[in-house]
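J.: The primary structure of each chain is shown beneath.
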Amino acid sequence: DTAVSQTPKYLVTQMGNDKSIKCEQNLGHDTMYWYKQDSKKFLKIMFSYNNKELIINETVPNRFSPKSPDKAHLNLHINSLELGDSAVYFCASSQVRATGLAGNEQFFGPGTRLTVL
Amino acid sequence: AQSVTQLDSQVPVFEEAPVELRCNYSSSVSVYLFWYVQYPNQGLQLLLKYLSGSTLVKGINGFEAEFNKSQTSFHLRKPSVHISDTAEYFCAVSERGSTLGRLYFGRGTQLTVWP
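From first to last, the protein sequence lines are chains A and B. This note's numbering puts the first residue of the first sequence at 4, with every later residue one more than the last. This note's numbering puts the first residue of the second sequence at 11, with every later residue one more than the last.
Derived by calculation from the structure, the hints in this document are not laboratory data. Remember, it's a predicted structure, so these values are computed and weren't measured experimentally. Check before you lean on any hint, since a few could be wrong.
What the hints assert, rightly or not - Here are the simulated DSSO-like pairs of lysine-lysine, each with C-alpha atoms no more than 27 Å apart in a straight line:
(1) B:Lys68 <-> A:Lys70
(2) B:Lys79 <-> A:Lys39
(3) A:Lys47 <-> B:Lys79
(4) A:Lys74 <-> B:Lys79
(5) B:Lys79 <-> A:Lys70
(6) A:Lys47 <-> B:Lys59
(7) B:Lys68 <-> A:Lys74
Chain A on its own, in the form it takes in the complex:
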């Protein structure tokens, strides 16, 4: 069973279009994340939701809007796509505990490679 899944795996689209990426986790985690990985492999966190509440909102253009219908799902909608949005987008999940020895290990999905032409 896939722990963190993303759809689609590949997304090729024209500038100006609107697209969505979906993420689902079946680990029972309470927190989910979106990352953007650029062509140099640099990972940048974009958003995080805990139990459907937005808890991390990095400096990201307003064209990007996350939505979490429930704690197992976190979707990313992108309006008016630009060439610079081309990247690999990763979803991740974790069970965040403020105390104890669990750490904050995150489990990553396989990624969605977005290409904007």
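Using the hints, position chain B against chain A.
T.: Frame of chain A, contents of chain B only:
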């Protein structure tokens, strides 16, 4: 705020040679430490993590890392690498006691193993 520095962006080695990938971090609070591996066209996979206790941590695929608090380092080592270890390796930290669970990643080290 936390920061993670991976000192080498690329490390080429020959098969069966030992390797060390270096990671230093900066933090004003206690942290958890992680190494993740990303194989080509895949997501990130946890190699190992340091939460507390013994400073030498063993992970999957024969990797180990040592936490050095005085030097704020968490270097990754493997005594003998295989071609299949070719991948991007990321060091990451998170704050103990944080309710955000945020990971701060280094910029990655590309390990290339040559036959």
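J.: Does each hint hold? Answer for all of them.
T.: Structure-based check of each hint:
1. A hinted pair counts as satisfied when its Cα atoms are at most 27 Å apart, and Lys68 of chain B with Lys70 of chain A does not qualify at roughly 38 Å.
2. In summary, the hint linking Lys79 of chain B to Lys39 of chain A is not supported, as the alpha carbons are separated by about 30 Å, beyond the 27 Å threshold.
3. Note on Lys47 of chain A and Lys79 of chain B: the hinted pairing holds, with a Cα-Cα distance of about 26 Å set against a maximum of 27 Å.
4. Proximity of Lys74 of chain A to Lys79 of chain B is assessed by CA-CA distance (about 36 Å); at most 27 Å being required, the pair is judged violated.
5. In summary, the hint linking Lys79 of chain B to Lys70 of chain A is not supported, as the alpha carbons are separated by about 39 Å, beyond the 27 Å threshold.
6. As the CA atoms of Lys47 of chain A and Lys59 of chain B are separated by approximately 20 Å, the hinted pair is consistent with the 27 Å bound.
7. Taken as a hint, the Lys68 of chain B and Lys74 of chain A pair is broken in the structure, with Cα atoms around 32 Å apart against an allowance of 27 Å.
Against the hints set out earlier in the document, violations occur for numbers 1, 2, 4, 5, 7.
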